[in-house]
Amino acid sequence: MSDFWIRFSRNKGALLGIAMLAAVILVALVAPLMFPKGPWQMVQRPFLTPFATEGLPLGTDTLGRNVAAGLAYGARVSLLVGLVSTLVALAIGVPLGAVAGYYGGWVDEAAMRFTEFFQTIPNFALAIVLVAIMEPTLTSITLAIAIVSWPPVARLVRAEVLSLKKREFVDAAQLAGLSNRRILLAQILPNAMSPIIVMASLMVATAILLESSLAFLGLGDPNIMSWGYMIGAARTVIRSAWWLSFFPGLAIVITVLALNLIGEGLNDAMNPHLNRKGRA
Amino acid sequence: MAIASTVLGRLLKAAITLLAIVVLNFLLIHAAPGDPAAVMAGEAGAADEKFIAQLRERFGLDQPLHVQLWNYVSNILQLDLGYSYRQGAPVLDLILERLPATLLLTLTAFGISLLFGVAMGVAASARVGKLGDSAITGVALLFYATPLYWAALMAVLVFSVWLGWLPGFGYETVGADYTGLARVLDILKHLILPAATLGLFFMAVYTRMTRASMLEVAQMDFVKTARAKGLPDKVIRRRHILRNALLPVVTLAGLQAGQLVGGAVLTETVFAWPGIGRLMFESLEARDYNTLLGVFLISAAMVILFNIVTDLVYRLIDPRIGATR
Amino acid sequence: MSETVLSIENLTLDLPKGADRAHAVHDLSFTLARGEVLCVVGESGSGKSMTANALMGLLPPAVKVSGGRAVFGGRDVLSLPEPERRALRGARIAMIFQEPMTALNPLLRIGEQIAEVFEAHNLHSPAERRARALALIEEVGLPDPQKIIRAYPFQLSGGQRQRAMIAMALALEPEILIADEPTTALDVTTQAQILDLIADIRQRHGMAVMFITHDFGVVAEIADRVIVMRYGEAVEAGPAREVLAEPRHDYTRRLLEAIPSNAVPRPERVTAAPALELRNLRKTYRTGGGWGRAAREVTAIDGISLSIAKGEVLGLVGESGSGKSTLGRAVVRLVDPDSGQILVGGEDMAALSPEALRRARRKVQMVFQDPYASLNPRSRILRSISDGPVAQGVPKQKAEARARELLEVVGLGADAADRYPHEFSGGQRQRIGIARALAMDPDLIIADEAVSALDVSIQAQVLDLLRDLRKRLGLSLLFITHDLRVAAQLCDRIAVMQKGRLVEIGPVDEVFLNPQDPYTRSLLAAVPGAEWADGGAARAEAV
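Chains as they are written, first to last, in the UniProt record's numbering: chain P, 1 to 280; chain B, 1 to 325; chain W, 1 to 543.
You can trust all of the hints, since none of them are fake.
Keeping only pairs whose Cα atoms sit at most 30 Å apart, straight-line, the calculated DSS-like set for lysine-lysine is: (1) W:K471 - W:K310; (2) B:K130 - W:K64; (3) W:K363 - W:K398; (4) P:K165 - W:K396; (5) P:K166 - W:K499; (6) W:K64 - B:K234; (7) W:K499 - P:K165; (8) W:K363 - W:K499; (9) P:K12 - W:K64; (10) W:K499 - W:K310; (11) W:K398 - W:K471.
Covered, in the sense of this in silico footprint (three residues per stretch, anywhere, with C-beta under 8 Å from a C-beta of chain B), are these stretches of chain P: (12) 131-138; (13) 202-212; (14) 235-247.
Interface residues of chain W toward chain P, partial, derived using beta-carbon atoms under 7 Å: (15) V332; (16) L334; (17) R361; (18) M366; (19) S374; (20) L375; (21) N376; (22) D387; (23) G388; (24) A391.
Everything labelled a hint here was simulated from the structure, so no lab data went into it. All C-beta atoms in this analysis are idealised placements derived from N, C-alpha and C, irrespective of residue type, glycine included.
Produce the complete structure using the sequences and hints provided.
As structure tokens, then:
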């Protein structure tokens, strides 16, 4: 593991990602302390430009709400939805892929047809339909994102298990008389962890993008301030108040970029032989 | 021969998938809170009792579930996607009217993103570890993290509002009544920003994939063979590395088709592009679920069709697939 | 001798910082004469391939030429600018590689890949290139040239692909052909054909061949002169006959001693009750099929019956695809046979339910081929060895104590138990694999190509260990190998498999000295350096 940290910390991009993500997490945590009135309260005249009014560094929106407060509270939703939906997607994808890859035969066939079906459906469109019909709440949004993002996990885990299953140490475990369950859980899956972790970190990023896109279309939880909602609400006034769309978008880019950088850093550190720098 | 039977097999699979989506739609309508008829009609339609009653009868909502399912499926098999009360037209007509605009937008975006993505990926891999590589991968990483709709909004702001170079709204100039070539040029002008911003994210995807794939293939034994023949680097890169490196990119491009169609909802919303994505957004706002599910079904069909095409393309480049030894 | 075409003077190649040594090759000098075959021999990591790559200008970017010259055609090729080196590559110095399966571009037709050599050097019209490609395909003895020229690599066998590679190398009549372990990945009969082809071409075209190999059998077969390399330095050089007969350097001597000779040891005739008895075992693989297409059937085990006595070592020999590995895996039920009986101590393993099988697993254990894949990289050695006994109900402490003891037995020391697999070399890992098998206290051990992935000297050590264990513990062993000479070293009886059938079985001396089946005879004839090794037998007896 120490090798891993040395390699990871040598990656400047990954460190930058960690720093950026840490900043976003910090803002999310202290939001209630910084803006005790919450993001919905009218604090001033609408359409105040940024950097002009004391105490309102990013100006006010169409209803006179503090844009900075909206950003801080929006971070909470983005991170929460990103994290939880990824965990749910892993909870669906990992067991399904592992069982399909390990047992093969009709189990594999059935599981993969099921996965393929979900992968064929345009996933953003499916998320829209799901959230629209279930009514937009934090739970339904998280669930919808999980439902559209688990298929790649299942495929990855299946492929990993298939290749690990062919290794001789798995044969040896069989000859040792270990049960299939134990071989899968104790011998195979631990060896498949690194690609799963890398994928998970990238999935959090994708989930944040998905959540913000849904909120942009008006499919956010109406009781919760989110970045996508802020951009969606400011869309029609882009000509007169560009900053209302600009800052939340920037927040999304920073967060997603940070997660992608971390994911790449993890990938390089965990698979040193597949170094993406290559050797030309 | 082999190709024909493959296409047949794929079409059969596609039909089954579409049928499954129809069933999924049916289940969703019933899973929604409230009276399915009211769901189908949309909230605004709830006022019109006559329409709701008509829907009830049409789906036989007083009949057992499997009969309802059968009615629903057989309606759709007859290409009857229902009626949009809000828009006052059959859903299928609404979709068909808007489909060409979406096809134009998504195919253009796909072409742009694949062309530039592969070119940038190749360029980056040729300069691996140098400044050019870092610049390209950096830009790709940035685009990869940028929400589609935000990129679209910012593009409107810069190129339309501030610079005034390009129209930021609509499919063609309203009221200009261009014909012939003038109209084509007008549409192209309107197409640039939506297609570019929709393609941006996917360009980033293809750039990263191409670069990684090029570097991986460059390590393979047959590349060493090619060098041992005395071939110039340029030929090795084009004929030996690129051709093999494109295989996973083609696979990925097929898988990304679904996301491209989904992304069109966002782009069309921002640019008021009159395609089925915009239709989906409008039906969301109006809670017109009948139209929403219709668009969902048709976009899934588009993706499936696209997947079949990618599959065939893959067969053309890789002789190993489908050949019997 | 005739004129010198290549002269290497004081060649030194630097490895990147942090490698296990500073130089890939250090102060190497030799010459290559027109028409001769020079074998560069060494174990893995000796720098033999690096030397070849340096000559071709195909070094990995991290390895740098830091000294010396390579004079070819009056010029130092190492200091030529890249365009001029490129003009030499393929035209005047050609090279073929070890892995014919991956050395050809999978997306281009064989004909295109051969014609490309002419294109690279701007020679001939496209039609002329094609005609010449056809002639080359014919020259290297590929069947049905008209078909081959349009074929893709995946449609060719390994031996055919290597022939195609040779056709490319021959295209421009180079003065030097560098062959980097070109037969290592091939079966013994295919290897013999490719060696013949290379010798034949050398004769006809008069080119110099620099042949890189780890196999002294191949050296004896083909070499005029030999250079033995170790850790990047030449330890011995001279005419092949002299080096083989009277090695001067200690390392060469040890390498030669490590080679299993054809001196067939007297087998022990064991007549005890059988440890394993196979009765009419069958296994057929079906692939493809469905959608109305016919399935392809491959019969891997075609009605095999044999028995292994307690305390006996049976060698199972065959080429790839003969079904020998499937047979080994079927005995331990890693593969389920279609029919037949597997009697171990009277119990039919083939008839056991999964649950009963799990308990009966103890009786037959396996030592695997790939030392890098056979240990779980995330488990400590102790756990890898004790997992099995613990699953069989042995108390954990007792199993762990036994594991440490067994590590001593296989010559590693008990403290190896607390380390992870990546801290061990290939040979050490095979010892761990043997300890793991012993930990289950089995009635029979199956060794599936257990020494094939190891360097010759390491191979000899592991074989010694097996011989020793057998003596001390009275092991019954099914020893599966493609290498007849290795089998002769260890086994009491030999069984020869071909296409799923047992073509011959008998005491080792009878099978070797008086083979009955024509296939066995052709296998024995194909072993490189057979005549020389026979001489070695006489030598060994004289010692």
